[in-house]
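If you want the building blocks of each chain, they are given just below.
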Amino acid sequence: MKNEITGIKKNKEKTSKVIGNILVHIGLGILAFIWVLPILWVIMTSFRAGKGSYSTTFIPQSWTLSNYTTLLTDTDIFNFPRWFGNTLFVAIISCILATFYLVSIAFVMSRLRFKARKPMLNVALILGMFPGFMSMIAVYYILKGIGLTQGNLKLVALILLYSGGASILQFYVAKGFFDTIPKTIDEAAYIDGATKWDVFTKITIPLAKPIIVYTVLTSFMAPWIDFIMAKVIIGTDAQYYTVAIGLWNMLEKENIYQWYTRFAAGAVLVSIPIAILFVIMQRYYTDGMSGAVKG
Amino acid sequence: MRAVNSKDEIKVSNAILHGDVLTKLSMLFMGLGNLARKQIIKGLMFLVIEAAFIFYMVTRGAGFIKDFITLGTSTGEEVFNEAKQIYEYTQGDNSMLCLLYGVITFFVIAAFVVAWAASLKSAYKAQMLAKKQQHLPTFIEDVKSLFDGNIHKLLLALPIVCVILFTVMPLVFMSCMAFTNYDRNHQPPGQLFDWVGFANFKELFDANSGLGTAFWHVLGWTLVWAVFATFLNYILGIILAMVINRKKTRAKGFWRFIFILSIAIPQFVSLLVMRTMLQPEGAVNVLLKQLGLIEKSLPFWTNTTWARITIIIVNLWIGVPYTMIQTTGILQNIPGELYEAAKIDGANKVVIFFKITLPYMLFITTPYLITQFIGNINNFNVIYLLTKGAPAAMSYHNGTAGKTDLLVTWLYKLTIDMKDYNYGAVIGIMVFVLSAVFSLAAYRKTGAYKNEEEFQ
Numbered sequence: 051m052k053n054e055i056t057g058i059k060k061n062k063e064k065t066s067k068v069i070g071n072i073l074v075h076i077g078l079g080i081l082a083f084i085w086v087l088p089i090l091w092v093i094m095t096s097f098r099a100g101k102g103s104y105s106t107t108f109i110p111q112s113w114t115l116s117n118y119t120t121l122l123t124d125t126d127i128f129n130f131p132r133w134f135g136n137t138l139f140v141a142i143i144s145c146i147l148a149t150f151y152l153v154s155i156a157f158v159m160s161r162l163r164f165k166a167r168k169p170m171l172n173v174a175l176i177l178g179m180f181p182g183f184m185s186m187i188a189v190y191y192i193l194k195g196i197g198l199t200q201g202n203l204k205l206v207a208l209i210l211l212y213s214g215g216a217s218i219l220q221f222y223v224a225k226g227f228f229d230t231i232p233k234t235i236d237e238a239a240y241i242d243g244a245t246k247w248d249v250f251t252k253i254t255i256p257l258a259k260p261i262i263v264y265t266v267l268t269s270f271m272a273p274w275i276d277f278i279m280a281k282v283i284i285g286t287d288a289q290y291y292t293v294a295i296g297l298w299n300m301l302e303k304e305n306i307y308q309w310y311t312r313f314a315a316g317a318v319l320v321s322i323p324i325a326i327l328f329v330i331m332q333r334y335y336t337d338g339m340s341g342a343v344k345g
Numbered sequence: 002m003r004a005v006n007s008k009d010e011i012k013v014s015n016a017i018l019h020g021d022v023l024t025k026l027s028m029l030f031m032g033l034g035n036l037a038r039k040q041i042i043k044g045l046m047f048l049v050i051e052a053a054f055i056f057y058m059v060t061r062g063a064g065f066i067k068d069f070i071t072l073g074t075s076t077g078e079e080v081f082n083e084a085k086q087i088y089e090y091t092q093g094d095n096s097m098l099c100l101l102y103g104v105i106t107f108f109v110i111a112a113f114v115v116a117w118a119a120s121l122k123s124a125y126k127a128q129m130l131a132k133k134q135q136h137l138p139t140f141i142e143d144v145k146s147l148f149d150g151n152i153h154k155l156l157l158a159l160p161i162v163c164v165i166l167f168t169v170m171p172l173v174f175m176s177c178m179a180f181t182n183y184d185r186n187h188q189p190p191g192q193l194f195d196w197v198g199f200a201n202f203k204e205l206f207d208a209n210s211g212l213g214t215a216f217w218h219v220l221g222w223t224l225v226w227a228v229f230a231t232f233l234n235y236i237l238g239i240i241l242a243m244v245i246n247r248k249k250t251r252a253k254g255f256w257r258f259i260f261i262l263s264i265a266i267p268q269f270v271s272l273l274v275m276r277t278m279l280q281p282e283g284a285v286n287v288l289l290k291q292l293g294l295i296e297k298s299l300p301f302w303t304n305t306t307w308a309r310i311t312i313i314i315v316n317l318w319i320g321v322p323y324t325m326i327q328t329t330g331i332l333q334n335i336p337g338e339l340y341e342a343a344k345i346d347g348a349n350k351v352v353i354f355f356k357i358t359l360p361y362m363l364f365i366t367t368p369y370l371i372t373q374f375i376g377n378i379n380n381f382n383v384i385y386l387l388t389k390g391a392p393a394a395m396s397y398h399n400g401t402a403g404k405t406d407l408l409v410t411w412l413y414k415l416t417i418d419m420k421d422y423n424y425g426a427v428i429g430i431m432v433f434v435l436s437a438v439f440s441l442a443a444y445r446k447t448g449a450y451k452n453e454e455e456f457q
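Chains P and D, in that order, give the protein sequences.
Basically the working numbering = 1-based index in the first sequence + 50.
Basically the working numbering = 1-based index in the second sequence + 1.
For the record, the hints were derived by calculation from the structure and aren't laboratory data.
Where hints are given, some of them may not hold.
The calculated lysine-lysine pairs, modelled on DSSO-like cross-linking and capped at a C-alpha distance of 27 Å, are [said to hold, decoys possible]:
| no. | chain 1 | residue 1 | chain 2 | residue 2 |
| --- | --- | --- | --- | --- |
| 1 | D | K154 | P | K165 |
| 2 | P | K233 | D | K297 |
| 3 | P | K101 | D | K297 |
| 4 | D | K297 | P | K62 |
| 5 | D | K297 | P | K281 |
| 6 | D | K404 | D | K414 |
The whole structure should be built from the sequences, with the hints applied where relevant.
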């Protein structure tokens, strides 16, 4: 009798647990749907035949590839392929420079001890607290003063800003990683007569691979994502747009009806490589956070 | 460490007090001490720097400093040219350029002072080495030391130049503007602006002026937004991470992938898409109408309260997956005994979450939370791309700020659209003060900052 009752109780508990479990999965499913919905919607819109940002049905009534083909071939007003090229160019060069800067700073601040080190770390912290675009106008005038706001040089200005601007103060992540490399490795090398340059290039850099990959990827992605800085520097000169400002302009009031579906196509084209890079980066980020030399 | 005789230490003060004739003369003729001790190239370099600086100051710099103080005196005007018998337009002073060149000249002077100190130290060092009859480094040896003992100078040179050029100098320049009347009515070229002291700050703190009303309202919403955006994202992110990590949840990788996907999409794309989806005739309203849930479109962006709540919810879409990724690892580190003990005491899941999980997480992630909070005070993208600050509010400084504007988006509009640079600069400084207060609180708490040497 007693056994039976506990048995029934157990069964009841079991079924309620199973139901709870199913509910959790349904809840996750609904959340996942909400999270995927906007992405799904851009993809559907990019294949939609009708024009305009508004459509009377949620799922397009007719499908087409022409949004992609016109985006890539009809370059009279909005030259998407050129913007893509601009952004790629800026991204490649600024990511090389930014990585060099960040790795240098992180190495110096983490591995070396000199008088000005602590003050420099504090200054970097304080500078990082100013809102970035408070100084944007001033940056623009300084670049204008140097003569970097004309024609192709605008892209050079962007490269300088993406590599040497506010991002330079974000060296703390890389420094934190370098801090985890045991000092004894360096000391052993110095005893063998290595110079600090040798230690930097032959020991620290190879050991810091995960964080270097992470830095390369973040600085490569920055020009694709940023649109504030690019908008101020490039202004209305459509020839030198990066993809972010270009796509943003497509949604301005006067363009949105004609260009909305092509905006969606452009958004998909930009998002795919960025998403892939991001997923790769995520792996290196976790590796980077778990330290350089594992026990 | 070897005890250093204080007189032997290579310092500027020692060079001035204990230097010999050559070293003291180096104060006037930079590089003399090095030249006399056969460090020819080094000495010449110092001498060239001094000559260039004097040339710059005499030809341009002195004038720039004078202009910086007056910010220009003559406006452009039409002058009758007797010879040509026509009116000609004279180029007046450009206050903005006066300010900019003045700031640049101050930086040139500062750089010269650094070079001057370096030359003095170098001369004193040469003197000390000569006295002890030790070997004086040649130029080639000096260059070689840049790859060894002085490698920090080599590696930091370019980054420091960049920081000064693109961060420090612009900040000084903009901060100067906060003390001028450089607004839309004083636009160079053509018009002059002038120093006004703290007048802009007074106006900002005066709750009765249009600017003051706008400032206190925008500040209020900025803080409300930052609190909600930070803590809702945080708590919901933790819950999501816990639900996915439950033992019984199937296909953990799949769920994680779905949520990470939304981070991987560039923010400006997802935000612009959200903006159009939530328009009165946008996809969300269409979907809800098709399902028969509503008849009239929901006023996502047009009603102040709706707009504010919508922004916070859209921000959840963006922020929750971030927290999920960041906290997954930490959650798995919570000691299991804590949970066991709570279960034995008969605590239910909600109690366990608020009494164990959340306090533990808060303990570990306070610095992360504070950086998030500062990030949200400065969260330009979400507001600007979603609403641009709309719905408009005429009482806010003649409508320059809207009901959903944060301080930073207002700052952007003031400078880029309205050309009220002085007010923009004042607000920038206020944002800095806000961030600085919260950051200081954060960094004083992190062990990583206090004892960074400990775990090496």
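Verification of the hints:
Of the supplied pair hints, the one linking K154(D) and K165(P) holds, its CA atoms being roughly 12 Å apart against a limit of 27 Å. Distance hint between K233(P) and K297(D) is unfulfilled; the C-alpha atoms sit about 67 Å from each other, more than 27 Å. Distance restraint check for K101(P) and K297(D): the Cα-Cα separation of roughly 24 Å lies within the 27 Å cut-off, and the hinted pair is therefore satisfied. Taken as a hint, the K297(D) and K62(P) pair is broken in the structure, with Cα atoms around 46 Å apart against an allowance of 27 Å.
With a CA separation close to 37 Å, the supplied pair K297(D) and K281(P) exceeds the 27 Å bound. The hinted pair formed by K404(D) and K414(D) meets the criterion: a straight-line CA distance of about 14 Å does not exceed 27 Å.
Taken one by one, the earlier hints fail for this structure at numbers 2, 4 and 5, listed in ascending order.
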